[in-house]
Amino acid sequence: MKIEVNGEERAVTATHLHEALAELGWGEARVATALNGAFVPAATRGATALSPGDRLEVLTAMQGG
Amino acid sequence: MRDFYGETLQTPMMLGTARFPSPALMEAAFRSSGASVATVSLRRERGAGQAFWDMVRGLGVHLLPNTAGCHSAREAITTAQMAREYFGTDWIKLEVIGHGDTLQPDPFGLLEAAEVLCADGFKVFPYTTEDQVLAARLIDAGCRVLMPWGAPIGSGMGLNNIHGLRTLRAAFPDVAMVVDAGLGLPSHAAQAMELEFDAILLNTAVAEADDPAAMARAFALATEAGALATTSGPMIPRDMAVPSTPVIGKAWL
Chain A
0 MKIEVNGEER
10 AVTATHLHEA
20 LAELGWGEAR
30 VATALNGAFV
40 PAATRGATAL
50 SPGDRLEVLT
60 AMQGG
Chain B
0 MRDFYGETLQ
10 TPMMLGTARF
20 PSPALMEAAF
30 RSSGASVATV
40 SLRRERGAGQ
50 AFWDMVRGLG
60 VHLLPNTAGC
70 HSAREAITTA
80 QMAREYFGTD
90 WIKLEVIGHG
100 DTLQPDPFGL
110 LEAAEVLCAD
120 GFKVFPYTTE
130 DQVLAARLID
140 AGCRVLMPWG
150 APIGSGMGLN
160 NIHGLRTLRA
170 AFPDVAMVVD
180 AGLGLPSHAA
190 QAMELEFDAI
200 LLNTAVAEAD
210 DPAAMARAFA
220 LATEAGALAT
230 TSGPMIPRDM
240 AVPSTPVIGK
250 AWL
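Protein sequences, first through last, are from chains A and B. What the first sequence shows, in numbering that gives the first Met the number 0, is residues 0 to 64, in sequence order. What the second sequence shows, in numbering that gives the first Met the number 0, is residues 0 to 252, in sequence order.
These aren't lab readings, by the way, just hints derived from the structure by calculation. Please note: incorrect hints may appear among the correct ones.
Claimed, not checked - Footprint (simulated), chain A over chain B, 3 or more residues, beta carbon under 8 Å:
{"#": "1", "stretch": "63-73"}
{"#": "2", "stretch": "226-236"}
To be verified - What the simulated footprint calls covered on chain A by chain B, stretch by stretch (three residues with Cβ under 8 Å from a Cβ of chain B suffice, anywhere in the stretch; the number is not a length):
{"#": "3", "stretch": "18-29"}
{"#": "4", "stretch": "33-44"}
{"#": "5", "stretch": "48-61"}
Note that the structure is predicted; figures quoted are calculated from it, not measured. Think of the CB as a built atom: it goes at the ideal place given N, C-alpha and C, for glycine as much as any other residue.
Throw the hints in and build the complete structure from the sequences for me.
Dropping the structure here:
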């Protein structure tokens with residue numbers, strides 16, 4: 000299915016968030032996730048089903064003031 | 000000394016991590032200043048996150064994630080939730096920006112987000128104005144620290160409204176307050192501490208200096224000087240001159 004990942008359209012075969020992260024190369028990475036504007040804790044990624052058109056944000060530490 | 004949600008800071012200086020010419024210069028600024036808190040943010044993963052995370056952890060300071068760039072309570076709340084998990088802290092510098100040119104806080108969105116986050120167990124450091132009524136509402140919401148601006152973010156103008164900051168400080172004597180944003184020179188930091196604020200937070204003035212480590216040290220010294228003056232019983236200004244050298248014993252010439 001096609002979903003939007005960090006603002007870019009991506010095709011994934013995964014049906015759940017934790018699988019999608021692995022498929023996109025973030026399997027072991029330290030990231031924080033939000034789906035359609037709502038925070039998804041790491042512990043619930045496995046139980047979070049994806050739907051076509053979902054907007055996924057994958058965030059990491061960055062410089063800030 | 001007022002604490003920050005039960006934490007006593009080693010030094011009253013908080014330093015941002017953005018805009019430095021290199022990671023090494025950022026680390027040098029932290030070392031030279033002894034800043035006790037580093038602000039950090041969350042952005043889309045593009046490959047550099049892990050290295051930055053390892054570096055900021057290595058600084059050995061408190062991490063204060065921000066919600067910079069958020070223009071709504073909803074955005075800020077989600078960002079705060081993500082930051083809590085990522086950085087492993089319930090401290091959050093809550094920014095809800097209301098205007099693109101001034102980066103002035105949106106008081107309504109700020110209060111809405113603060114209410115939600117305080118109720119959810121966050122230790123909220125709201126980036127606010129010197130508005131006393133808003134401050135009271137934020138304290139009612141559960142904020143135990145306030146971060147009033149000195150001047151617009153990145154402007155370097157110093158303390159734009161000294162009367163307002165003094166009034167705010169006096170109105171809530173038990174609440175820790177950090178002057179955040181707009182500091183350009185070490186004298187601004189000393190002035191903030193002389194007004195009995197508990198700490199300062201700055202970024203651009205250090206990161207964009209020709210020598211960030213030296214400027215960070217200058218700010219640290221000024222902060223320490225202002226804090227020391229505050230606890231040393233500063234004199235009250237007088238309208239008339241008062242001779243400092245005794246008149247008694249002066250020769251009749």
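Do the hints match the structure? See the list:
1. 63-73: Satisfied; 4 residues make the cut.
2. 226-236: violated (count 0)
3. 18-29: With 3 residues in contact (Cβ-Cβ under 8 Å with chain B), the coverage given for the stretch 18-29 of chain A holds.
4. 33-44: That given contact holds, which follows from 6 residues of the stretch 33-44 of chain A lying within Cβ reach (below 8 Å) of chain B.
5. 48-61: Check passed, 6 qualifying residues.
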